[in-house]
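The listed protein sequences correspond, in order, to chains A and B.
The numbers in our numbering rise by one with no breaks, and the one at position 224 of the first sequence is 224.
The numbers in our numbering rise by one with no breaks, and the one at position 167 of the second sequence is 568.
Treat the hints as calculated values from the structure; they're not laboratory data.
Listing some non-contacts, in silico: residues in chain A with all C-beta distances to chain B over 12 angstroms: (1) D18; (2) D261; (3) R275.
Distance condition first, Cα-Cα at most 27 angstroms in a straight line; then the derived DSS-like pairs of lysine-lysine: (4) K113(A) - K580(B); (5) K717(B) - K660(B); (6) K445(B) - K480(B); (7) K717(B) - K661(B); (8) K660(B) - K540(B); (9) K540(B) - K113(A).
Glycine included, C-beta positions come from ideal geometry on N, C-alpha and C.
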Amino acid sequence: MPPAIYLDNNATTRVDSDVVAAMLPFFTEHFGNASSMHGFGTAAGTGLAHARTQLQTLLGAAHDHEVVFTSGGSESNSAAILAALATHPERREIITSAVEHPAVLSLCQYLAKQEGYRLHIIPVDDKGRLDLDVYRDALSARVAVISIMWANNETGTLFPVEDLAEMAKAFDIPFHTDAVQAVGKIPMTLAHSAIDLLSLSGHKLHAPKGIGALYIKRGTRFRPLIRGGHQERGRRAGTENIPGIVGLGRAAELALAGLNDENTRVRALRDRLERELLARIQHCFVTGDVANRLPNTANIAFEFIEGEAILLLLNREGIAASSGSACTSGSLEPSHVMRAMGIPYTAAHGATRFSLSRDTTDADIERVIEVMPGIIERLRGVSPYWNATEGTGKAFEPAYA
Amino acid sequence: MWNYSETVKDHFFNPRNVGVLENPDGVGEVGSIACGDALKLMIKVAPTENRIVDARFQTFGCGSAIASSSALTEMIIGKTIDEALTVTNQDIAGYLGGLPPEKMHCSVMGAEALRAAIANFRGEAVEADDDEDGALVCKCFGITEGLLTRAIRTNALTTVETVTAYTKAGGSCATCRDKIEMVLGDVNAEMVSEGILESTKAFRYRGRGLADTAPTTTPATARATAPARPAAVRPSHTAAAPTPASAPAKPAPPMTMVKKIALIQEALEAVRPTFQRDGGDVELVDVEGDTVSVQLFGTCVDCSMSSFTLHMVQEKLSEALGRFIRVVPADGQAA
Numbered sequence: 001m002p003p004a005i006y007l008d009n010n011a012t013t014r015v016d017s018d019v020v021a022a023m024l025p026f027f028t029e030h031f032g033n034a035s036s037m038h039g040f041g042t043a044a045g046t047g048l049a050h051a052r053t054q055l056q057t058l059l060g061a062a063h064d065h066e067v068v069f070t071s072g073g074s075e076s077n078s079a080a081i082l083a084a085l086a087t088h089p090e091r092r093e094i095i096t097s098a099v100e101h102p103a104v105l106s107l108c109q110y111l112a113k114q115e116g117y118r119l120h121i122i123p124v125d126d127k128g129r130l131d132l133d134v135y136r137d138a139l140s141a142r143v144a145v146i147s148i149m150w151a152n153n154e155t156g157t158l159f160p161v162e163d164l165a166e167m168a169k170a171f172d173i174p175f176h177t178d179a180v181q182a183v184g185k186i187p188m189t190l191a192h193s194a195i196d197l198l199s200l201s202g203h204k205l206h207a208p209k210g211i212g213a214l215y216i217k218r219g220t221r222f223r224p225l226i227r228g229g230h231q232e233r234g235r236r237a238g239t240e241n242i243p244g245i246v247g248l249g250r251a252a253e254l255a256l257a258g259l260n261d262e263n264t265r266v267r268a269l270r271d272r273l274e275r276e277l278l279a280r281i282q283h284c285f286v287t288g289d290v291a292n293r294l295p296n297t298a299n300i301a302f303e304f305i306e307g308e309a310i311l312l313l314l315n316r317e318g319i320a321a322s323s324g325s326a327c328t329s330g331s332l333e334p335s336h337v338m339r340a341m342g343i344p345y346t347a348a349h350g351a352t353r354f355s356l357s358r359d360t361t362d363a364d365i366e367r368v369i370e371v372m373p374g375i376i377e378r379l380r381g382v383s384p385y386w387n388a389t390e391g392t393g394k395a396f397e398p399a400y401a
Numbered sequence: 402m403w404n405y406s407e408t409v410k411d412h413f414f415n416p417r418n419v420g421v422l423e424n425p426d427g428v429g430e431v432g433s434i435a436c437g438d439a440l441k442l443m444i445k446v447a448p449t450e451n452r453i454v455d456a457r458f459q460t461f462g463c464g465s466a467i468a469s470s471s472a473l474t475e476m477i478i479g480k481t482i483d484e485a486l487t488v489t490n491q492d493i494a495g496y497l498g499g500l501p502p503e504k505m506h507c508s509v510m511g512a513e514a515l516r517a518a519i520a521n522f523r524g525e526a527v528e529a530d531d532d533e534d535g536a537l538v539c540k541c542f543g544i545t546e547g548l549l550t551r552a553i554r555t556n557a558l559t560t561v562e563t564v565t566a567y568t569k570a571g572g573s574c575a576t577c578r579d580k581i582e583m584v585l586g587d588v589n590a591e592m593v594s595e596g597i598l599e600s601t602k603a604f605r606y607r608g609r610g611l612a613d614t615a616p617t618t619t620p621a622t623a624r625a626t627a628p629a630r631p632a633a634v635r636p637s638h639t640a641a642a643p644t645p646a647s648a649p650a651k652p653a654p655p656m657t658m659v660k661k662i663a664l665i666q667e668a669l670e671a672v673r674p675t676f677q678r679d680g681g682d683v684e685l686v687d688v689e690g691d692t693v694s695v696q697l698f699g700t701c702v703d704c705s706m707s708s709f710t711l712h713m714v715q716e717k718l719s720e721a722l723g724r725f726i727r728v729v730p731a732d733g734q735a736a
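Could you build the full structure based on these sequences and the hints that come with them?
Put into structure tokens, the structure is as follows:
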């Protein structure tokens, strides 16, 4: 078995060894409760405060107390959306996009169905770009919250959330963005933006799972999701996960230091991977907004074959990737993101995502470029659609390339 | 990652009998690319005792779909046609050392392809066969009442969730859930009366008692609650199911080509205003079996949503004809 090549960093990342090192003393030595009035408590409280400023710096936030630590992205999303609804009871509409993560989309659909909210789901075009006209038309003083992701997890496509937030100000609509894929990969200065609420997740940026944060711009009305103690200024009860928080703080610092590498070296590796695969394999194309996306994400749709089969063969080569195909999730349809972009079924089932990180090396990418053509050829050799279309194939020419 | 058995992995990584069989005696094609998996099974049959001497497959699908196809070919080579007809999806799953519940539909696809290949070998017209297979229940995946019935009987299914896992029916828009419940209630009731299912386990449509599902109900439910329907019960193809005592009624005559084209035209006319509103149009070009080619005009041609548009037309036509119709763009147009 060749050494493992991990290209599924949009799913989760390896915890950086520096992060682990920063966390360890907070399990055994500084194990105190940050609320306690003794030395153990002080040590924990100091770690907590330091981590908050580290995260503030990464986000470019004006104040450290705008950062509230949570258990992760899903909790942050729920807390933000439900708080906006609770503080605007007279407003009965919600705006979101068709390509949100289920942590937002399922919640909004639940609220529409169970609580009677009117839901505006803004569509995207074939490149995954948000329909700004539809967005503009949906804005009104009836809207209680807007939740639009910063970067899409499947294609890496970036939405212009800073502009969208500005547009929302005309109607005083709280603007939330699920930024779990964007934080640490692109620079941001929230102090200069109109974004009111932003979710992030530790395990997407080389911190552990089970820790995340919600940015709440100063002055934004809020209601806690979890009530109880006074932790996080009463906005999130529960004894703080100090080791996780310290780890997230250190990870934020490392991400800021690595932003340049992410946007130069990692981006070049991603571009090389796409260029080579498209040159060596016919009938495949990159999905998403190629000119405007995260530097680490490549999503390539291979026609006439199915994604799970690709992943199984890649896995045998020690390569970890991900797919929007139906079969990998246990659902029966290809991903809602592929469908929202109108990717034909001939290709949506074979959409394969490679997500890189600062750990990715030249050799990793070389290896993928080497094995991928053989894997695709092998599966197409089994596929009834391939032989049937070979030579003719015109009805299947990808109009999306 | 799915927890696949070693046999499934072996048949996926080293599939047996992949490829095209020259001059096959029977061909069975099931599924479609839109559904996420499709299988073409080809068989060679020796004339003397109707023995399958060779079988090949081509499959579009996930690991377990390819493994199920491979296993199926290994299982049927050497069997007579009559013996092969006793192979159920349970046998395929068993041969593979089991499949995850969500993946059982892969084994059902194998069994359906075998059934179709044998029907083709016997010269049974595919179109007539489709008509016999009962009403189209799930339009998203093209699942008929006949297929549902076979899967429910063979696998003793008693919940809508397992029916979806085994057949995919209801796995997309879920608007057919009520129809699935009706079919499930009826088939379970039949199974109870035949003594092959405990009455406490049977699914009851909308909480009804078993007696209520007898075919003496109001016309509104009569179509779906017709246990005597010949297509719904295919004893010769479901080994586990005993032959019902009642003689099957005469099946409805197959639809003529003229009637079919008229219905397609009528359905297309109904969707044309939608196209014309966007400055485009759609026209019927050809009908071949259950594949309908259409020409798109005007703004529809380059529209990035054209594949979705075709999918919409496909749904309308399937609805009008009561079975799965594949709509493709006429030659020279991108899908």
